[in-house]
Structure formats: structure tokens, C-alpha cells
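So the chains spell out like this:
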Amino acid sequence: MTMPAISVKGLIKRFGDVEVLHGIDLDIPQGQVSCLIGPSGSGKSTLLRCMAFLEEASDGLIFINGEPLGYASGPQGKPVRLPAARIRAVRSQIGMVFQQFNLWPHMTALGNVSEALKTVHGVRKSEAEERAMVQLKKVGLAERAGHYPSQLSGGQQQRVAIARALALEPKIMLFDEPTSSLDPELTGEVLNVMRALAADGMTMVVVSHEIGFAAAVCQQIAFLDNGKLLMTGTPQQIFGKPRHPRLDQFLDTYLDRGAAMLV
Amino acid sequence: MSWKLFELLVQASFYTVLISFISITIGLVIGTAVSAASLSPNRALSISGRTFVSFFRGVPLLVQLLLIYNLLPALGLNVPSVVAAITGLSLCTAAYQAENLRGGFQSVPRGLLEAADMAGLSAFQQFRRIKAPIALRLALPSLVNEAIMILKASSLVSVVGIVELTRMAQDLAASTYRPIELFSAAGLLYLIINWLIASGGSVFERSFRWGRP
Amino acid sequence: MNFDTNLILSIMPELARAFGVTMLTWVAGVIGAALLGFLVAVARRYGSRWLGYPLRLCVEVIRGTPFLIQLFLLYYGGPFIGLSLEPIPAGLLGLTVYGAAYFSEIFRAGFEAVPPGHVEAAECVGLNRRQIIQRILIPEMTMLVLPASVNMAIILLKETAVLSIITVPELTLVISAIGSQQYAFVESLFLLALFYWGLVELAGRLGRYMEARFSKYRFVTA
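Protein chains in written order, with the working numbering: chain A, 1 to 263; chain B, 1 to 213; chain C, 1 to 222.
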């Protein structure tokens with residue numbers, strides 16, 4: 001078996017006195033789409049943010065393509081923080097897409113996508129913009145390159161955010177509820193871009209409420225509840241019967257909410 | 001009122017603009033440092049920053065001006081009174097600008113910096129490329145407002161003997177016995193200058209629209 | 001600075017009177033400015049256009065010119081149009097009119113910030129215009145304008161020092177006079193600065209306490 005793209009081992013995360021993740025073990029396979037689902041407050045976004053090192057684990061380790069992220073196992077089994085340059089190098093393999101897009105409002109779409117190429121990687125402006133255009137084309141927004149975020153719809157902003165992450169050629173893409181702050185009619189364009197990315201063989205981890213997307217596109221689904229990983233498996237294993245009672249409850253609420261929207 | 005008098009007022013108003021402009025510029029530099037200090041994780045720095053802001057916003061500018069005007073010679077610094085006046089105005093506006101900038105920096109959404117973090121920008125690059133431009137944009141309207149406040153407040157430097165617009169109007173009113181005309185004319189000049197600052201400010205703001213209508 | 005008990009005792013009555021003048025002009029000025037400002041805001045919102053435009057002009061002129069110029073105009077120019085005022089009434093009138101211009105803007109913003117839906121809801125249940133102002137707009141506005149009003153009250157406290165220039169015998173004038181008589185100008189000014197600083201901090205704290213007490217009335221904005 002090949003090495004997992006992300007390997008989470010015994011991850012514990014506390015905010016102050018509150019433990020929100022109680023020892024998570026999870027492998028994200030290469031070249032597949034994995035979905036994290038669960039009720040709000042279950043810790044799925046925190047888990048994803050730990051994988052991006054936007055939150056630092058209180059205990060446990062995370063490996064990106066076999067390399068420790070942020071902390072490595074120390075002599076007494078206590079995690080030790082790695083030097084900043086090492087953290088940066090491992091992190092550069094990860095791209096992140098946020099629920100709130102987080103596009104920089106003072107830069108155009110092209111500016112957002114080319115920014116890190118220019119300031120971090122020292123790529124010449126013309127080349128950086130050329131490479132940024134390739135990514136904008138990929139998400140279908142080449143003709144919007146000169147627009148500022150405030151001139152784009154939510155769906156377009158999120159597609160620019162995806163292009164921004166892709167421009168740095170990450171090996172893994174993390175999506176934190178990428179469609180949750182979009183109007184329902186705009187989710188499709190973002191999900192389509194994600195589907196195309198999956199078809200290209202990108203390793204993706206998606207926190208989502210889109211159960212339909214999870215069932216159709218994901219090869220692996222992980223169900224979190226109350227800071228614990230209750231089950232992982234293929235969509236057939238997770239959604240097929242018999243189901244875990246908590247998952248049943250979660251799906252019921254989800255379907256109720258869906259039904260309520262139709263009424 | 002004769003044209004001659006009005007001309008004298010216009011000349012004096014250049015002095016008002018000059019003193020205000022110098023004070024605002026110095027105040028912006030000090031204010032940036034003070035806002036950085038009050039936001040610093042270092043407790044001593046942040047307390048001194050906040051105390052500076054609280055003191056200079058808590059004491060009437062007139063009292064500050066009188067204090068500095070008399071304190072500098074008492075400390076053996078025999079500087080022209082215009083230096084004392086500019087020092088007082090600068091320190092006062094620095095406190096207000098520091099507070100505006102602090103607000104601007106604190107209102108930069110955290111997610112924008114997380115995105116920069118994920119893109120690999122260093123702390124300094126994040127400050128230079130993301131944090132500073134957005135904070136400045138957010139603080140811009142209050143900075144323009146502050147410029148207008150200082151222009152009006154500069155009338156108080158007349159009490160330490162600087163012949164700017166207010167003092168000129170006062171002197172001319174005393175010698176011609178025409179206070180209504182002279183003070184009205186001075187007020188009109190203040191209005192015009194403030195209107196110019198406000199329009200200049202909104203033109204400047206429009207160049208930072210970033211696509212918003 | 002050497003402490004001379006007799007000297008301190010001898011200036012006490014004068015200081016007490018000056019403190020009284022500062023507090024009186026401040027408190028009376030704030031109350032007067034808030035009331036006048038409220039009337040101006042109501043007149044501009046609900047009065048005729050022929051009232052609204054001149055009022056707007058007055059507000060803009062007062063906000064666009066230095067307080068000191070306004071005081072000079074009132075105190076030195078007043079007698080020429082039959083308005084001869086003693087320093088204290090002149091200062092109080094000046095402070096009230098000056099503050100009213102700013103308060104009217106605070107109230108105007110407050111009126112505008114009340115969601116139109118709240119007024120529409122009141123209209124639907126049959127409240128008339130006066131009842132809507134009294135029962136809906138004013139209570140909701142109080143919460144909205146409180147922080148800015150406290151801020152304005154603090155600004156007016158600091159502006160009372162400017163009244164010393166037209167010889168209102170308040171603290172700044174009296175303390176500067178005593179200080180220069182006793183050759184302790186810097187020391188007395190420093191004490192004066194500390195006094196204002198303390199009072200401003202106290203007023204600010206009181207304001208935040210009031211905001212916290214009123215915060216239960218704050219409506220949720222989406």
C-alpha cells in the first residue's frame with residue numbers, strides 16, 4: 001500500500017479547557033477525495049484546520065506525505081516543534097479553500113492568484129500573471145481576471161480562491177465548507193470545479209454539508225460526532241444500511257432541513 | 001471690510017494650513033508607532049501606548065499647549081513658540097490617529113491573514129501586502145476627519161502668540177473695531193479649507209475603492 | 001514646588017468657585033446642547049424644507065469652523081448687534097450652540113439607524129406619528145446614540161477650557177492666573193492636566209457602565 005497523503009495520529013485539540021478533538025486517527029489516501037461530515041460542533045472544521053496547521057494540535061502528530069507537520073515525535077514521546085523553515089516547506093504542499101473565500105479585497109482576481117508567486121517565490125510579474133491566468137482559465141474565470149472581489153459573485157469569488165490555491169501547485173487541497181456561504185444556485189459552479197479537480201486525480205479533503213456531493217464524488221467518507229471519529233468508509237459503507245444510529249440521526253436532521261427548504 | 005484686510009487673513013490662513021499639515025504628518029508617524037505599541041504583545045509597550053492615547057485624548061488641547069509652551073523653556077529648551085505649538089498639536093493628533101489606526105488594524109478579517117499564511121507569506125510580507133493596505137483603507141475616513149479636526153484645533157495656537165488665521169482675525173478685529181466681519185471672514189476661510197480637505201479626502205478614498213461602486 | 005499651607009488655604013475658595021464654573025458650564029452645556037440638538041434633528045427630519053435647509057447650513061457652518069472663532073464672534077461681535085453678554089452666559093451659550101450642532105448629527109444618525117421595519121410595524125398596529133416617535137424611535141435611538149453622546153459630552157468638557165480665552169473664570173483660567181502669580185506655572189498646569197484626565201476617564205467609565213446597563217435593549221441586527 002502506498003503512503004497516505006495525510007496521516008493523523010492520536011490528534012487531540014483543546015481550546016482552553018475544552019477538548020474538541022479526542023484522539024483522532026485518520027489516513028487520507030493519495031489521489032482520492034475524502035469528505036469529513038458531521039453535525040455542527042463535531043470538530044470537523046477544527047480537524048481540517050489542524051491538517052493545514054492553522055490550528056496547532058494539543059497532542060498527537062500529523063504527517064504530510066510521510067513528513068511531520070509542525071511537530072515531530074520527541075525523545076520522551078512528547079511532540080517537539082519543528083523549525084519554521086521546515087514547517088513552511090511541509091505546508092507548501094497544502095492548498096486551502098475557506099468557507100468565507102478570504103480573497104484579498106485590494107487585489108484583482110489576477111492579483112490574488114499571482115500574489116504568492118511574486119512575493120513568496122520571486123517569480124517575475126509577467127510570468128506570475130501568465131501562470132495565474134492558466135489557473136483562472138481552469139476555473140472558467142479568465143475573462144474576470146481584472147475584476148476585484150467586490151465585483152464578483154460568491155461563486156466566482158470561491159472559484160478565484162480555488163485558483164489562488166492551485167497556482168502554488170499543492171499536492172493536497174483542503175476545502176473548509178466551500179459552498180456553505182453561497183446562495184443555493186451558486187453552489188453548482190463551485191462543486192463542478194471541485195469535481196473536475198477530483199477527476200484530475202488531486203488529493204482532496206472536503207468538509208461539507210453537501211451530502212449529495214459527498215456520496216457522488218468522495219471515495220472515502222469520515223463521520224465525526226462530538227470530537228470523535230465514529231466511522232470511516234466508502235459512501236456505500238457509510239450511507240448503506242445498517243447505519244450507525246448517530247449517523248441516522250444526522251442524516252434525518254439534514255433531510256428535514258432539505259425538506260424544509262423546499263416547502 | 002476692505003480687500004486689504006481679507007488679503008491679510010488669506011495670508012494668515014496659509015500659516016494655519018502649514019502648521020496643521022506639519023502636525024498631522026508628524027502625528028501620523030508618532031501615531032503609527034503608538035498604535036503598534038498598544039497592539040504589541042509586550043505588556044510594558046502596550047500599557048505605555050494606551051496611556052499615551054488616554055492622556056492626550058483626556059486633556060484639553062489648550063491645557064496641553066500651555067503646558068508644552070511653558071514646559072520646554074523650563075527644561076532648558078528655548079525653542080520658538082511655533083515649535084511648541086507644532087509639538088502640542090502633533091502629540092494630540094498622534095493620540096487620535098493611533099486610536100484610528102488601531103481600529104483599522106483590528107478590523108482586518110483574520111481569514112485574510114490565514115489565506116496569506118496558507119499561501120506562504122511571511123509575517124512581514126503579510127503586514128506589508130495584506131494588513132497595512134487594508135488597515136489604512138479602513139482608517140482613511142477617520143484620518144481625513146482628524147485632519148479637519150486638527151485644522152480647527154490649530155486656532156488654539158493663537159494663545160501662545162502664533163499669528164495664524166484666528167490670531168490675525170483677532171488682532172485686526174481689535175484694531176478696526178469690526179469683529180463681526182473679521183471673525184465671519186475667518187470662519188468662512190476655515191470652512192473653505194475644510195471643504196477642500198474633505199473633497200481631497202473623498203477623491204483619495206475613491207482611488208482606494210477596489211471595485212466597489 | 002514647596003508647600004505653603006497658608007497659600008493653599010488662601011486659594012481654596014477661588015479654586016472651588018472655578019471648579020463650580022467648569023462643572024456648571026459643562027453639565028448645563030451638555031444638557032442644553034443635547035436638547036437643542038434633538039430639536040434640530042427632529043425639525044430637520046419632520047419639519048418643512050424651508051426649516052430644514054437653513055438648519056442644515058447652520059449645522060455645517062458650526063461643525064466646519066473652530067469653536068474659538070464662534071466664541072469670539074459671540075463675545076466680541078455680539079455687542080455690535082445688541083447682544084452684550086457677561087463671560088459666563090456667553091460661554092454657556094456658545095458651548096450649547098456648538099454642542100447642539102454635533103448632537104443634532106448624532107441624533108440624525110440615530111433616527112436613520114432605526115430599521116424602517118420597526119416603524120412600519122408600529123404603523124401597522126395603528127400608532128400615530130407622535131406615538132411612533134415617543135414609543136418606538138426615541139427608546140431605540142437612546143441605545144444607538146448613547147456611545148456617541150458620551151463621547152460628545154467628553155469633548156464638551158474639554159472645550160470648557162477654551163472658555164478661559166473669553167475670560168470665563170473656570171479652572172484653566174483661574175489656575176493659570178494663580179500659577180503665574182506664584183511662579184509655579186508648569187506645576188499648576190500639570191495638576192490641571194491630571195484633573196481633566198481623571199475627569200475624562202471617569203466620564204468615559206460611567207458611559208461604558210451605562211452602555212452595559214442598556215445593552216439588553218439592543219436589538220439583534222442580522
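Everything labelled a hint here was simulated from the structure, so no lab data went into it.
One or more of the hints may lead you astray.
[Unchecked claim] Coverage of chain B stretches by chain A, computed from C-beta distances (three or more under 8 Å per stretch; other residues unrestricted):
| hint | region |
| --- | --- |
| 1 | 156 to 168 |
| 2 | 188 to 201 |
[Stated by the list, open to error] Result set (DSS-like, lysine-lysine): computed pairs, CA atoms no more than 25 Å apart in a straight line:
| hint | chain 1 | residue 1 | chain 2 | residue 2 |
| --- | --- | --- | --- | --- |
| 3 | A | Lys-171 | A | Lys-125 |
| 4 | A | Lys-9 | A | Lys-118 |
| 5 | A | Lys-137 | A | Lys-125 |
| 6 | A | Lys-118 | B | Lys-131 |
| 7 | A | Lys-138 | A | Lys-125 |
| 8 | A | Lys-125 | B | Lys-4 |
The C-beta atom is built at its ideal place from N, Cα and C for all residues, glycine as well.
Hints, one by one, checked against the model:
With 0 residues having a Cβ less than 8 Å from any Cβ of chain A, the region 156 to 168 of chain B misses the three-residue criterion, and the hint is violated. Coverage of a stretch by a chain is defined here by at least three residues with a beta carbon nearer than 8 Å to that chain's beta carbons; for the region 188 to 201 of chain B and chain A the count is 0, and the condition is violated. At most 25 Å may separate the alpha-carbon atoms for a hinted pair to count; Lys-171(A) and Lys-125(A) meet this at roughly 24 Å. Our distance criterion of 25 Å between C-alpha atoms is broken by Lys-9(A) and Lys-118(A), whose separation comes to about 35 Å.
Restraint check for Lys-137(A) and Lys-125(A): the C-alpha separation of about 18 Å stays at or below 25 Å, so the hint holds. At most 25 Å may separate the alpha-carbon atoms for a hinted pair to count; Lys-118(A) and Lys-131(B) meet this at roughly 17 Å. Restraint check for Lys-138(A) and Lys-125(A): satisfied, since their Cα atoms lie roughly 20 Å apart, inside the 25 Å limit. Pair hint Lys-125(A) plus Lys-4(B) does not hold up; C-alpha atoms about 58 Å apart against a cutoff of 25 Å.
Checked against the numbered hints above, the structure breaks hints 1, 2, 4, 8 and satisfies the rest.
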